[in-house]
Structures are given as C-alpha cells and as structure tokens.
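Engineer: Sequential numbering of the sequence shown, starting at 8, is according to the numbering used here.
Hints should not be assumed to be uniformly reliable.
[Claimed, not checked] Pair ranges (Cβ atoms, derived):
#1 325 x 83: 40 to 50 angstroms
#2 158 x 280: 36 to 46 angstroms
#3 158 x 309: 29 to 39 angstroms
#4 54 x 224: 36 to 46 angstroms
Rather than coming from a laboratory, the hints here were simulated on the basis of the structure. C-beta: ideal position from N, C-alpha, C; glycine also.
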Amino acid sequence: MKALRPLRFVPLMGGLLLAACDDGGPTGPNLESLTLEEQLTLEVLADPTTAEVALALATTQTGAAHRRGRAWSPGEDITAQAEHQFRNAEQAFAQGDLVRAMERHREGRRLVAQAMEGAGGPRALGALVERLESLPVTVAADPDGFHDPQGFGVQMAGLAEGARNAYRKGNRIRAGEMGVLAEQAVRLRQRDQTHALAGNPEVKVELGAQAVALAERILGEEGTADERMDFLEVAKGFQSKAEESLLAGELRWAAHYAHLAQWWALKAVVLPDGVTEEEIEALQELAQTLFDDASAAVESDPTDLKEALLQRAARLLEAGRSNQNNGTCRGLGALWQSAVISAYLVS
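Whole structure, please, built from the sequences with the hints as guidance.
Structural biologist: What follows is the structure, encoded as structure tokens:
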C-alpha cells in the first residue's frame, strides 16, 4: 500500500516523538513514509474507545454463533488475546513507542479477524471486507455524518483496495484485519448528530430495527437457509447492542451499532463473496418501490423528520444506482440503506 502524506494527527504524533527523544526512549517511525494503514492505526490509537469497536465485532459474531448452537467457537479466548494486544498498543502509544504500538494494534486486529472467522466462517470476513468497500459510497451520500467526509472517503477507498487484493489472494485474515481498522476509523470520524433530524441516534436505532425486520420479511418469503440466518443473528446481536447503548445514554455507540445491524441484515439477504446481476436488480427494484411508497406516505402526512429522511433515502438511492457498476459491492450498501429508510417511513 503506497505511502501518503501524514494527515490530521501529525501535530500529536510530532509531540509524542519529540517527548520520546527527550527522554532517551524510542524514536518512532518517519511520519513522511507512513502507509495509509499506519496513518489510520495511529489515528485510532489516539482514541482508546476504538478498541471496543473492534472487540465488539468479535463478541457479536461469537455470541451469534452460540445462539445458533455453535458452542465450539473459540472466539472468546481469541478475543481476550486481542484485547490484551490492544491494551499493550495503547500503553506503547502513551509512551511514545509508535512502532511497537502499531505492531501490537495490528496483532489485535488480526486476532479479531481470526475470532470472527472462527465463529462465523470465511464469509464473515467477506462481509467485513464488503462493508469496507461500501463505505466510500455511504460517506459520500451522508457527508454530514462524518468529519472530513471527502478525505475520509478517499482513505476508505484506499484501504478497501488493499483489503480486496488480500482477499483475492486468499489471505482472508489480512483482509479482515483492514476491515477491523476501517470500523475503528468510522467510530473515530463519526459526527455527533444528536440534534440532527435524520442523523439522530434514536432514529438510527429505529432504522436498525427496521433493517432486521425487512431482512426477516425477505427471508420469510425466500426460505431460511442456515447461512442467511447466521448473518441475521449477527444483525440482531448488533441491534441489541444499539438498543442497550441508547438506554444507557451512549448515543454515538448506539448509532454505530445500529448501522452495523443494517449492514449484517443486508448480508442475510445478499450473501458476501460476489453480487449477481439478479441480486443488484432485485435490490434496486425493492429500493425504488419502497421509495415510491415512502414518498406517497410522506406527502400525505409530512413532518420535518420524515422529509429529511426521505431526502436521505433519495440521495442513497441515487448513490446506489450511480455505483452499481463500480467495484465489488456495486452500491449495494447505499441501495439497502435507502430501502430501510423508505420501509421505516412507510411503516
């Protein structure tokens, strides 16, 4: 992955490096030569709460496996090891040993990916990589939801390219590692939209529940293959976390988990590892039909919130259409989010 110019964390990194040199400690890397992955790693290390995002990916996947009767999953032990590595990384970061911090953090991400695959199989990591590939479109369609959306979208596109290349070469854990980092970066870059209409955390949690319900409806019509139900169980796990966070007043956590619930509900409907022409056409038709119904519903009973949500559904629908021939995911995430919002407005 090519090196990029250091981003917004440079002042913080410079201070840490100077302090380390003054104390006779480790000097750290040359900031000008950092890869995108290394830059993002140092960014998320500046906020220890991002480790909880990574660990939640593993614990939710493991919990879903247990609820589906797969008590053999080794996820708990591996996740505990991952947590230990993240704590080591945070300690090294605080001491100014940035090289060790990045190494330990990458090992923690590797263990999270390993726990996910152990609990959910190879397709669990395929879903995580596709989630990463969908982020540039999602960020572009919801610029108010992220700090520096244009720059962040570019970062996610670059990271997604590296993850997909690794996945194609059969290195699923390495690809998953980058997907974990992306999820941590999303948590870091999310804006606090407590007072926004369409971005309100309470609304996002309701949309997560709507995504699960929509997936259940679709699967009920098509039959319930075990693999699809596995993904649906993961979506329910994230939705439970979202609702618990909302009750606890942890609004940014609630919004993040609800968004993950939406994604894994989509993976129950459209399995990872390749989107067919039939699937993309079916999802586009579903999103358009629901949007038309939502438009009629809002027109008959308009409110500021409903109109804001309808506008967002329209942006996502257009983003999904515009990207249906672009990349592996082909605008799938945006189409699904549009369909979920429209279904919420209709209900």
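Engineer: Compare the structure with each hint and give your call.
Structural biologist: Each hint tested on the structure:
Taken as a hint, the range 40 to 50 angstroms holds for the pair residue 325 and residue 83, whose Cβ atoms sit roughly 43 angstroms apart. As the Cβ distance of residue 158 to residue 280 is approximately 30 angstroms, the hint placing it in 36 to 46 angstroms is violated. In this structure the supplied range 29 to 39 angstroms holds for residue 158 paired with residue 309, their Cβ-Cβ distance being about 35 angstroms. One distance hint, 36 to 46 angstroms for the beta-carbon pair residue 54 and residue 224, holds here, with the actual separation near 37 angstroms.
Violated hint: 2 only; the structure is consistent with all others.
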